[in-house]
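Asker: Sequence:
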Amino acid sequence: MRIRYILWNLMGLGLPLFMALIAIPGLLTRIGSERFGLLALAWGLIGYAGMLDLGIGRATTQRVSLLRNNAGENEIPDVVATAIRITTITGMIGMLIILLAALSGAYRFIHVETVPAGEIEVSMILLALALPMQAISATYRGVNEAYLNFRGINILRTALGVANFGAPYLVAMYTTEVYWLVATLVLSRFLALAIFRHLAYCCIFNNSPLARGKYIKRHAQNLLRFGGWFSITSIVGPIMVKADRFFVGVYVSATAVTLYVIPYEVTTQTLILAGALTTVIFPVVTNLLNKEPEQAMAVFHLWLARIVGVMFVVLSLLAYAMPTLLHLWVGERITEESVRVGQLLCVGVFFNTIGAMYFSLLHARGCVKQTAILHCIELPFYMVLLVYLIAEFGIIGCAVAWSIRATMDTLALILMSKKRN
1 MRIRYILWNL MGLGLPLFMA LIAIPGLLTR IGSERFGLLA LAWGLIGYAG
51 MLDLGIGRAT TQRVSLLRNN AGENEIPDVV ATAIRITTIT GMIGMLIILL
101 AALSGAYRFI HVETVPAGEI EVSMILLALA LPMQAISATY RGVNEAYLNF
151 RGINILRTAL GVANFGAPYL VAMYTTEVYW LVATLVLSRF LALAIFRHLA
201 YCCIFNNSPL ARGKYIKRHA QNLLRFGGWF SITSIVGPIM VKADRFFVGV
251 YVSATAVTLY VIPYEVTTQT LILAGALTTV IFPVVTNLLN KEPEQAMAVF
301 HLWLARIVGV MFVVLSLLAY AMPTLLHLWV GERITEESVR VGQLLCVGVF
351 FNTIGAMYFS LLHARGCVKQ TAILHCIELP FYMVLLVYLI AEFGIIGCAV
401 AWSIRATMDT LALILMSKKR N
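Residues in the sequence shown are numbered consecutively from 1, following this note's numbering.
Worth flagging that the hints you see were computed from the coordinates, not collected in a lab. Don't take every hint at face value.
What the hints assert, rightly or not - 16 Å max Cα-Cα, derived EDC-like pairs, lysine to aspartate or glutamate:
1) K214 with E73
2) K214 with E378
3) K214 with D78
4) K217 with E75
5) K242 with E265
6) K242 with D78
7) K217 with D78
8) K418 with E294
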């Protein structure tokens with residue numbers, strides 16, 4: 001496994017964040033807080049639209065990785081064609097739901113004072129068009145990941161991330177109407193879909209002279225089985241990761257949310273390193289497990305040791321520098337509690353990194369059902385723990401609960417992996 005794959009992923013994940021830091025303050029100044037809030041909702045809806053693929057993108061990566069360079073390689077075009085059929089249908093369903101919501105006046109539930117209702121309605125209609133594009137793009141991205149085309153993926157991801165923030169900023173120099181800002185998001189998704197599709201077919205047909213694929217019911221069943229269980233994790237996982245701030249707002253105060261979220265965001269950004277690695281590990285180990293299982297495990301344990309070492313150093317330094325870092329970023333408004341929150345979360349993020357590696361290993365083995373069930377079991381216990389510790393200890397208790405969940409999740413994933421050996 002080549003380091004350049006990981007470096008490409010770091011670029012694809014990191015540069016859009018840098019662009020956001022540059023563009024958001026100016027964008028907020030130009031269009032005002034109300035229109036910026038609507039734009040933020042548009043970003044959020046497009047981001048969650050990726051879930052409309054029902055995990056088929058991840059399932060495609062797993063299936064194509066298994067078939068590559070093996071006897072079943074001639075089935076790859078059929079797998080891809082089947083996946084595209086499914087995501088086109090789910091994306092269209094999502095589009096129709098948003099269109100019906102817009103035309104029935106659902107935008108009236110958004111409380112605004114200075115933005116005309118018609119402006120929001122047109123924006124919702126435009127957003128609806130982006131949903132099928134997002135769902136289908138996830139499948140084509142999955143094909144590229146299976147062929148380890150991380151260079152192409154991340155050049156496009158970087159361009160898309162820059163356009164996500166930069167294009168609305170440029171448009172805002174001429175108009176502040178929300179639908180023009182949203183139109184840039186839709187256009188960038190259309191271009192991304194076209195390029196993802198081109199890259200995917202280049203990967204398939206440049207690697208071997210295969211025929212064009214067709215929909216196969218057997219492949220659809222396999223993809224939906226894997227993707228369906230992965231979708232459960234995709235829904236439950238973000239709830240467990242993001243629910244903490246909402247409970248802080250309910251049981252403590254809105255001000256406490258800010259004091260918690262600032263160190264949380266600083267600490268969890270280090271997970272970009274783990275994300276860059278696990279995106280590569282998944283298709284590489286999936287492919288090797290089918291041919292050379294011993295080599296697959298050797299590759300996994302080598303990179304596990306490396307990421308554990310790197311994250312231990314990074315998070316130890318971050319925990320030590322947390323007081324200075326937070327004071328430099330937000331000034332005297334930061335409290336000792338916030339510093340302690342950041343330091344406690346460093347522990348949770350460390351274990352979360354290890355868990356992410358074993359999560360990818362289990363999915364490479366096809367154990368997506370087991371991980372989904374695990375997260376469904378964890379959810380109610382975590383919610384009870386979260387409420388209790390927040391009520392008793394405030395944001396410190398919240399950080400402790402988050403870190404306990406990450407640690408216990410990792411231990412469970414390790415045990416599940418050992419049982420599969």
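Asker: Take the C-alpha atoms of K217 and E75, compute the straight-line distance between them, and say whether it is at most 16 Å.
Answerer: Holds, at about 13 Å.
Asker: Given the hinted pair K217 and D78, is their alpha-carbon gap at most 16 Å?
Answerer: holds (10 Å)
Asker: Straight-line Cα separation of K214 and E73 no greater than 16 Å?
Answerer: Answer holds: K214 to E73 is near 14 Å, not above 16 Å.
Asker: Is the Cα-Cα distance between K418 and E294 16 Å or less?
Answerer: holds (14 Å)
Asker: Holds or violated: K214 with D78, Cα cutoff 16 Å?
Answerer: holds (5 Å)
Asker: Does the structure keep K242 and E265 at a Cα separation of 16 Å or less?
Answerer: holds (11 Å)
Asker: Checking one constraint from the list: CA of K214 to CA of E378, max 16 Å. Satisfied?
Answerer: violated (40 Å)
Asker: Are the Cα atoms of K242 and D78 separated by 16 Å or less?
Answerer: Cα-Cα ~37 Å, so violated.
Violated hints, listed in ascending order, are 2 and 6; each of the other numbered hints is respected by the structure.
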